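Asks: Residue-level listing of the chains:
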Amino acid sequence: MTAQWRMYLAMALMVSMWGCGTTEVVAPFERGHLAEQGMQWQSSSRNEKLKGHVYTSKEASSGGTGAAGGGCGCN
Amino acid sequence: MVATEQRRRPLPSSSPLIRRLSQSLLVLPAYQALPSVADAPPAFTEVGLRYTRYSEDSIDRDAVIFGATDRYDIDITQLWIEAPVGASWSVALDVQNDYQTGASPWFVGAQQNGEPGVIMSGASIQDNRVEVGVTTRYFWADGNAGLSVSHSDEDDYEALALALDASWNTADDARTWTASVSSSRDTLNPTQGVIPVFISEADLDTQSGYFGVSQILSRTAIARIGVNYTYSEGYLSDPYKLRDQRPDTHERIALSAGYRHFFIDRDAALQVDYRYYADSWGTDSHTLELGWAQNLSRSLITPYLRYYSQREADFFSVIADTSALDYADDYRLSSYGAVTIGARWAIAVNGAWSLEFEAERYMSDASWGLFGGDSAPALVDFWRGTVGVTWRFD
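So the protein sequences, as listed, match chains A and B.
Each residue of the first sequence is one higher than the one before, starting from 1 at the first, in our numbering.
Each residue of the second sequence is one higher than the one before, starting from 1 at the first, in our numbering.
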């Protein structure tokens, strides 16, 4: 299977899982737990930027949560 | 990376009841006193300082044919100030300084016993990188948009990046769409040192886009998916490696998904993040990260576990085949698996001051991977530790 077809398959699986998910109506006053710091997608933008920089310079993969920025001479 | 971030929430206060009430109020637009939601600028000015020590393990002496066994150590300092401007704007200035010393693999050859061995670059490499970024953000009732410019400069590498991102909510605020685009221009000026380099100057252009959506599933669960496409054209080889000739274009796609679930009885949140990555060089990878964010009386501690596995690039071989059109012996393009174990600890000292600590251990091994391929002799293990302090004031 080529990388292109693997990507199509992964995309189809993710969209399918998304479509199968169920949601309930949550009023604003019921969202207290969703506002917990541990429920956020990242601990802080500075920490995520630094971690992303470290992993990207040591692994072949990059991206996933935003558009790419400038590079560096890290090797 | 350009952050498509959720704005930070306040750390929990000591009283669970007060905390629940305040968090319920915070999601109402009229009570968004802190930069806790995407649709309101920060109410306070924030100044922060973080220091990070990154240290790679020495390479195994048995894997080295010639050169030093020490690898990179990097001292990273981050300083920022972020402030509201008027009723609908914010501006942030970020400065980061990286000072690195050490050595890296120059090329891989055959030892007398036939096993591959590394010739290291020597222990004389020193470099300092300074990155300055400015972000301005506009907030409206249902979303926000940011424009950022960053410039990174070091002895042998310069990068200028421009990025635009936006997030907007549906009418019921249950779903948030996020999009971002960026463009960067990098210029390499490799320095002649202990090892020879064969280019004097080269350029690299990169364009990137991201689109994602997050959805509230219940009072205690939220999920997101996103897709990221990046295209680079220009000099993509490593000028400090002897046998490294890569294609001059690089397409990358990353699919990401995340899930958060709050366990009320445990007063903690489960964090699950997954990414699938594939590129035009034949590499693809899986990344899975699990975290457990446990509220304590005045702090939040989050142990986490990350697993990563990648497939080798089409033109990678343990000892580079220089007769091929493209070739590389860079361990970062080989098949392997890696595990990271770490923990973050965020402490609210009082309403104005907060502290953070983080430590992680990264370990990699060819046998831990999901994909077949020969083992590269220079896979890296490292430690990373971070301490930080943040001050907020009117």
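Honestly, the hints are just simulated from the structure, not real lab data.
All figures in this text were calculated on a predicted structure; none of them were measured in a lab.
In this text, a Cβ means the ideal position worked out from N, Cα and C, and glycines have one as well.
One or more of the hints may lead you astray.
Ranges of calculated distance between the beta carbons of each label pair, as one might list FRET restraints [to be verified]: (1) A:P28 <-> B:S200: 45 to 51 angstroms; (2) A:P28 <-> B:D73: 45 to 51 angstroms; (3) B:T191 <-> A:P28: 54 to 60 angstroms; (4) B:N350 <-> A:P28: 27 to 33 angstroms; (5) A:P28 <-> B:W89: 22 to 28 angstroms.
What the simulated footprint calls covered on chain A by chain B, stretch by stretch (three residues with Cβ under 8 angstroms from a Cβ of chain B suffice, anywhere in the stretch; the number is not a length) [stated by the list, open to error]: (6) 42-52; (7) 57-67.
Over the 10 angstroms line for every Cβ pair with chain A, so calculated as not near, a few chain B residues [stated by the list, open to error]: (8) A110; (9) P116; (10) A171; (11) A174; (12) G209; (13) S256; (14) R332; (15) G388.
Asks: Since R332 of chain B was said not to touch the interface, does its Cβ keep a gap of more than 10 angstroms from each Cβ of chain A?
Replies: Incorrect as stated: the minimum Cβ-Cβ distance to chain A is 6 angstroms, not above 10 angstroms.
Asks: Do the beta carbons of P28 of chain A and D73 of chain B sit within 45 to 51 angstroms of each other?
Replies: 48 angstroms Cβ-Cβ, so the 45 to 51 angstroms window holds.
Asks: Taking 10 angstroms as the cut and beta carbons as the points, is S256 of chain B off the interface with chain A?
Replies: Per Cβ check, S256 of chain B is inside 10 angstroms of chain A; nearest 4 angstroms; violated.
Asks: Measuring Cβ to Cβ, find out whether G209 of chain B lies farther than 10 angstroms from everything in chain A.
Replies: violated, 6 angstroms
Asks: Three residues minimum, CB to CB under 8 angstroms: does the segment 57-67 of chain A make the cut for coverage by chain B? Let me know.
Replies: holds (count 10)
Asks: Within the segment 42-52 of chain A, is the number of residues with a Cβ closer than 8 angstroms to a Cβ of chain B three or more?
Replies: n = 10 at 8 angstroms, threshold three: holds.
Asks: If we take the beta carbon of G388 of chain B, is the closest beta carbon in chain A still more than 10 angstroms away?
Replies: Contrary to the label, G388 of chain B does not stay out of reach of chain A, its closest Cβ about 8 angstroms off (not over 10 angstroms).
Asks: With 10 angstroms as the threshold, tell me whether A174 of chain B passes as away from chain A on beta-carbon distances.
Replies: violated, 7 angstroms
Asks: Is the distance from the Cβ of N350 of chain B to the Cβ of P28 of chain A consistent with 27 to 33 angstroms?
Replies: holds, 28 angstroms
Asks: Decide, holds or violated, for the assertion that all CB atoms of chain A are farther than 10 angstroms from the CB of A171 of chain B.
Replies: holds, 12 angstroms
Asks: Please verify that the nearest CB of chain A lies beyond 10 angstroms from A110 of chain B's CB.
Replies: Given that every Cβ of chain A is farther than 10 angstroms from that of A110 of chain B, nearest at about 23 angstroms, it holds.
Asks: Does the Cβ distance between T191 of chain B and P28 of chain A fall inside 54 to 60 angstroms?
Replies: With Cβ atoms ~56 angstroms apart, the hint holds.
Of the numbered hints stated above, those contradicted by the structure are hints 1, 11, 12, 13, 14 and 15, listed in ascending order.
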